[in-house]
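Undergrad: Assemble chains R, G, V and U onto chain L, guided by the hints.
Taken in order, these protein sequences are the chains called L, R, G, V and U.
For what it's worth, my numbering labels the leading residue of the first sequence as 70, then goes sequentially.
For what it's worth, my numbering labels the leading residue of the second sequence as 180, then goes sequentially.
For what it's worth, my numbering labels the leading residue of the third sequence as 152, then goes sequentially.
For what it's worth, my numbering labels the leading residue of the fourth sequence as 71, then goes sequentially.
For what it's worth, my numbering labels the leading residue of the fifth sequence as 7, then goes sequentially.
Rather than coming from a laboratory, the hints here were simulated on the basis of the structure.
Any given hint could be a false lead.
Anything over 10 Å on all C-beta distances counts as not near chain V; from chain G, calculated [what the hints assert, rightly or not]: (1) GLU179; (2) LYS217; (3) CYS236; (4) PRO237; (5) GLU256.
The list that follows gives simulated cross-link-like pairs (lysine to any residue, SDA-like), each with its CA atoms no further than 20 Å apart [claimed, not checked]: (6) G:LYS254 - R:TYR276; (7) L:LYS250 - G:GLU257; (8) L:LYS222 - G:GLY183; (9) L:LYS218 - L:GLU333; (10) R:LYS189 - R:GLY314; (11) R:LYS189 - G:PRO173; (12) L:LYS227 - G:VAL168; (13) V:LYS127 - R:TYR276; (14) V:LYS127 - U:GLU164; (15) L:LYS250 - V:VAL151; (16) U:LYS560 - V:VAL151; (17) V:LYS127 - R:THR184; (18) L:LYS261 - L:GLU301; (19) G:LYS194 - G:GLU257; (20) L:LYS222 - G:SER182; (21) R:LYS315 - G:SER255; (22) R:LYS317 - G:ALA251; (23) G:LYS175 - R:VAL310; (24) L:LYS227 - G:GLY183.
In this text, a Cβ means the ideal position worked out from N, Cα and C, and glycines have one as well.
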Amino acid sequence: MLPEPIHLKLELEDETVVGVTPIIGYIYRGIEKAGELNPFRNNVFLVERICGICSFTHALCYCEAVEKLMQVEVPPRARFIRLCWSELSRIHSHLLWLGLFADAMGFESLFMQCWRAREIILDISEMTAGHRIIQSTSIIGGIRRDIDKEMAKEVEHKLSDFKELMDNTVSPTVYNDPTIKRRTVGKGMLSKEQANLLGAVGPILRGSGVPLDIRQTGYAAYKETGFEPIVESDGDCYARTIVRLREIYQSRELILKALSLMPEGDISVTVRGNPPEGEMIHRAEQPRGEVVYYIKGNGTRNLDRLRVRTPTFANIPPLLTMLPGCELADVPVITLSIDPCIACTER
Amino acid sequence: MSILTKSRIKSPWLLHYDCGGCNGCDIEVLAALTPIYDIERFGIVNIGNPKHADVLLVTGPVNHRNKRVLRNLYEQMPEPKLVIAVGTCACTGGIFYNCPNTLGGIDKIIPVDVYIPGCAVRPEAIIDAVVIALGKLKEYKG
Amino acid sequence: MPWMLPTIWKNLFSRPVTRRYPFKDIREPFSGYRGKLHFDMEKCNLCSACAQLCPSNAIVVDKEAKTLKYNPFACIYCATCVEACPRKAITMDTHYSPPATVKSEETCRP
Amino acid sequence: MSTGWLVGSVVIAVIVAPLIGGLLRGIDRKLTAHMQGRIGPPIIQNFYDLIKLFGKKPMVAGKPQLVFAWGYLFLIITAVVFFALRQDLLVVLFILGFAGVCLVLGALSVKSPYSQLGGHRELLQMLAYEPILLLAVIPIALKTGGFPITNIFEYGQPLLPNLWLTFIALVIVLDIVMKKSPFDISSSEHAHQEIVRGVLTEYSGPYLAIIELAHWYELVLLLAILGLFWIVGSLWWLSILTPLAIWFILLITDNICTRLTWSWMVKFAWGVGISLIALNILVVNLGWM
Amino acid sequence: MVAILLALAIGFPILTGVICLGIKNHKARAGVVSLTTLVLIVTSILFLRQGSFPYSPPPTWDWVILVLDYVILAYFLFVAIRDFIQRGMSRHNVLAIILTLASGIPLAVFEFSKAGYLPLEAEPTLYIDHLSIVMCLIISIIGSLICVYAIRYMKDHEEHLHVEKTNQPRFFFFMLIFLGAMNGLVFSNNLLWLAFFWEMTTLCCYALIRHDETPIAITNAFRALWMCLIGGVGFTLAIIFAWNSPLHTLSLMTIIESGAVACPVLLLPLALLCLAGFTKSAQVPIQGWLLGAMVAPTPVSALLHSSTMVNAGVYLLLRIAPGFQGTNLSTFVAVYGGTVFLVTSILAISQSEGKRVLAYSTIGNLGLIILCAGINTPLAIACGIMLIIFHAISKGLLFLCAGAIESHIWSRNIEDMEGLAARLPILAGITIAGMLSMLVAPFGVLITKWGAMEAASGIGVWSTLVVILLMAGSGATTVFWTKWAGRLLCHSPLPGPRKPEPIIPLYHGVLILLIACAVVFSILITPIYNGVVAPALAEAGYGVAFTTGHWFLKSPIGIFAAWPIFVVVALALIIPSLRIRTKPEESQAAYMCGENVEMGADEFVAVADERTPLKTGGFYVETALGEKNLNRFVIPIGIVFLIVLFAISVFPLP
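Isolated chain L (complex conformation) (with noise of 0.2 Å):
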């Protein structure tokens, strides 16, 4: 059910996977081409339909890095609003994912769970940033729409009917449902030394035992909130889904606490003129781990250059040793495992 193409050759044998080989380029559109042709203001809300889910990381991440090359100053009340959204759109993320993981098990009833509590969160999402699930509401130099006091209440009703739901429904199953812990547990191994070793980024790292978060750097308002990453160590499966649970739970109280948290004051300030001769890195932390923007200025309204690594890209060596020598009927629970997002690693 993987809604974007990505065309694994797989070599079976009867039914146990010899060779894969990833085909990508079906959704290759070169948006790193047109950042270049495009205004650099303009370029944010190209940079958020690199993909649909994660588009907010996506924007955040572009702003800041040209905030930081322009040496803006940011309003902190925007800083909190930007992580509200960015945990909003990880919710989101993730549990469009474990529907989506718990559809390739045949699980339909779970999927539809999963989907059905996620509808919450686009409606908060809605609610706060006109738009279900493009938010377009990050901008250089802070964000175009506020959450004021009456909306914030709104929110956390709507998150604690969410966390019912969840509780509810989802997470027992995820949690104790023997039929799909006899489908993720051992499968798609993914030891410590190999995470570190491929250059897993996200939950697969996470997964497989090592505690690193881009969310640790403390961009955005991280380092008011306060952040611990979340780790399993089994490296299987298995161990993403629960780290992706329990992502969902930790992005829910990261919400509540910005909310709590936030300033008063401006929600942007104007930023005039272009970005300066230079080159300025940045990275955050997607739903499916990190994603590094590389921006390159020249005085004009243009960037030089615009270069992204997205989560994916750094995730599919670790998924290309995990296939080899598992049943066909565990390839869409291993690649899935690793949430592709092909949107992402093709631009």
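TA: Then chains R, G, V and U, alone, in the frame of chain L:
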């Protein structure tokens, strides 16, 4: 209305193909299947195989790599068949209008029956579009 | 296995959560939803600030012919033009643009 | 039984069975949707689907697949007819087996990786359930003194109290044949998983409809076999209720577990299913039941 | 009259075989072979009209048999020692030497210690009953058809191998005397005569397996030799024990009529005869020789598997079954046959070479016949006899199909047969029909399986085990046949007209004749039962197995209506396959995620837009069910079974 036409209207099976979109519309297509929207109410099933499908939902602006795939999938659908362009970039290329590897709109490759604007489209819009598309089936002869 | 049982059992005997769009139980869009664009051509002076800032080239202003062409099928509904318009001539509806069988452009004249 | 009665029951079986089958599939989808918190399609949705498929332009990937599609349908109808004529139960199951072989050959006759994998998995499913299905006849025959279905009617008392072990084994078979989780390995209800509906990948339009129709017959036939366990005696109405109850339980099972792998399926079916029946035969042979 | 018939059935093929040895001209040899087959077929039909009768030739013939028996054993010793000298010591030639001596020396000691009686006679020497006639018909008709087919096949075969000097005279010599020896075997009543013909079939088998004279052929020939000689030893010991029993006879009829229940001492000779039957039928644990025999030219395999050699073993078991009725030996035989059926059916799943699949299927079906003999009820024996008939037809057909396919693609691998239905539609169609005739209902093989299942259900406590073996084995059978048929069918839609299939009259004629037999005999199953099987049952002292009415078979516990299913099959499969014409515009390539290139090309677009060939393959589960893995269990299980066989025959429990 003959019983066959009625059955056709009552049972559109979807094939969803992402030819270069950002996933936004794609997940909204899936969201339309889930409890809140539940397009199975209309007999719609996401079938994943062109040979079984009646309606082709295409997202994304089409690039030089997957235009061949798109045409193949379209040709492998038996008549009568409908095509719906989902989202702004499937209609015209949208924000990707100046990306070097996009063609800008799937109607450059295959005939399109219904266009849905929006970036990303809402599930409600997909339901509207399927209803409009099915209206076209009423006139189908052959 | 049994852990999913309470959920489906409860669902089976309670009303489905489905919003019966387009018939009933339709949830009204939130007030901030970025929907259809409207051009108030009485306020517009064809300054083309919107056209310059539009990230997807959906607005084209032709000063010679005194027209503003807007293509809803190219628009990404980002509201940049709304914010950019110095005369507040562009507004956004909370309803999405409807699907259509043909792609049509709106041509507006002041 | 008079000839007229027999002819009548055959006609009814051939006409009514698909109606019941289609309706059951419709109710299946409706109930599944409700279990997931959705509304789901109308109950007669599957009839719309079938008529629509018949109305589509044919598209084929080779002649053999069409031949085997017809073979599949006709043989299943024959099995239903033999069942209605109260013939030898073993023969009914043999015909059903032949039909299964046709389905697999139809899928294997196209050079398509999905179809091939689906065919092979269907074959493994047959490997898993065929022995149980055939074996289940043995305790019935031992109890009623013969293999024809007539014997069951003449036996005079319900079979279930003595043969409930066999009955449970048959439920496993039904679950595999209905392709419900955890056994939906050769195709899945929603066709977007690793083998794109497997055996059905290459069928389209009218030929897909033929196979769908045959599935309805097959479902009704298997439920009817489960119904045989109560058919006589004062509790005969249980022969309608029990299969429906079992069918409902299988729907629930489908919604609370994942799909498992074929190796697990074969091991489970052979291990659990065959031992249950073996125990039952042994117990009957020793005269304890 | 009867003497002439016997001479024609046994002596004539041997005579023409010797003539063949001297003919260098291909056409003339073909004529002689054709004449022989014609005579054999007519003779066998005359036997059927004649009915059963006893016959004892003049005592001179007893002397001839006596001498020839030692000649054959001496020849075995000679070839084994020659091999020992030429190719060095190997397990096979040493065992061949030991076992030849083990069967020859006790026999010599026994016979010559009774010098006053020599030659040992039994009254009657030959006894022709309906079981023999059934066997004679199978041997003469199917065996003959195979010989006719071989005329063309050997020509192709030698052309393919670029053989300089033709070996065909020797080949047809052994083929023809094989038929004669088999006819002799099934008519013999004197155990010494039986043993002689038994060794003669071993000789023919050995010679035909090593026909190509490649090292592997020679090795496999010796394996076949020593494994069959185990049966020879069994025969020798059976003769000695039978003569030393209170009955003091060598007449098979007398032994069987007395029965082991009345005379428990007979259990041991009967068990030894069973052992001989098991070895001849290549049952576990000595199935190796039949698999090794696959190196021989395909008509040899066809002959071994369908009408001769292996059938001798199951014939013997069915023949002596009344003798051990009601004993533990009978139950043992049933469980043993069922186990072999299950094990070989599972082993066949992992085989990728067509002929090896056929071989395992043969062993499995022979196991099924042995199971029938063990169940030992009228129903079971009737099914056993009918299974011999139908299995011979279908298996002969399938081997010949494999040979004909081989002459086109020069490969025996199932994977190489992919898509033959497109290239050779007639041949592939017949092959698939042949497979279906082994596999699905209304065909004879399945009718007998049905009977066996019903029979097996009623034998008391052991029936649980027997039916489970039977049903599980049937499940596995479905897998390997369907899988193979699927490989033949698997092809992409082809645009444009096809090259027509080359028709080779000798191949296609024989194949069509055989498939017609399989269908017609299955439809005519009730006349066949009434005509030959029922009298054979009656002669062996069994009750009635089936009643027939409306051309349905009715057993006391079930009904099989074969012809209505044939009507349905004709409607469902044959009419569509003749009537359906696919229009070119309806053809569409298989779904490859939209990455197909043009129609008819088995390619898809992969890395860097390169066209990559699409490969599909069968399902073999080599790691789990491969020979390497399973034989670790199968062979010990077989050996344990043989130990149990002797245990229960030496210490019969009540």
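Undergrad: LYS250 of chain L and VAL151 of chain V were given as a pair; does the straight-line alpha-carbon distance stay at or below 20 Å?
TA: violated (44 Å)
Undergrad: Given the proposed pairing of LYS218 of chain L with GLU333 of chain L, does the C-alpha separation stay at or below 20 Å?
TA: holds (10 Å)
Undergrad: Has the given pair, LYS175 of chain G with VAL310 of chain R, been kept, meaning a C-alpha gap of at most 20 Å?
TA: holds (16 Å)
Undergrad: Next pair to validate is LYS560 of chain U with VAL151 of chain V; report whether the Cα-Cα distance is within 20 Å.
TA: holds (19 Å)
Undergrad: Quick one, are LYS254 of chain G and TYR276 of chain R close enough, alpha carbons at most 20 Å?
TA: holds (16 Å)
Undergrad: Checking one constraint from the list: CA of LYS227 of chain L to CA of GLY183 of chain G, max 20 Å. Satisfied?
TA: holds (17 Å)
Undergrad: Between the alpha carbons of LYS317 of chain R and ALA251 of chain G, is the straight-line distance 20 Å or under?
TA: holds (17 Å)
Undergrad: Just to be careful, I want the Cα atoms of LYS227 of chain L and VAL168 of chain G compared with a cutoff of 20 Å; is the pair within it?
TA: holds (16 Å)
Undergrad: Can the restraint linking LYS189 of chain R and GLY314 of chain R be considered satisfied, given a maximum Cα separation of 20 Å?
TA: holds (11 Å)
Undergrad: Is the Cβ of GLU179 of chain G more than 10 Å away from each Cβ in chain V?
TA: holds (20 Å)
Undergrad: LYS127 of chain V and GLU164 of chain U were given as a pair; does the straight-line alpha-carbon distance stay at or below 20 Å?
TA: violated (52 Å)
Undergrad: Is the Cβ of GLU256 of chain G farther than 10 Å from every Cβ of chain V?
TA: The claim holds: GLU256 of chain G sits with its nearest Cβ about 36 Å from chain V, beyond 10 Å.
Of the numbered hints listed earlier, those contradicted by the structure are 7, 13, 14, 15.
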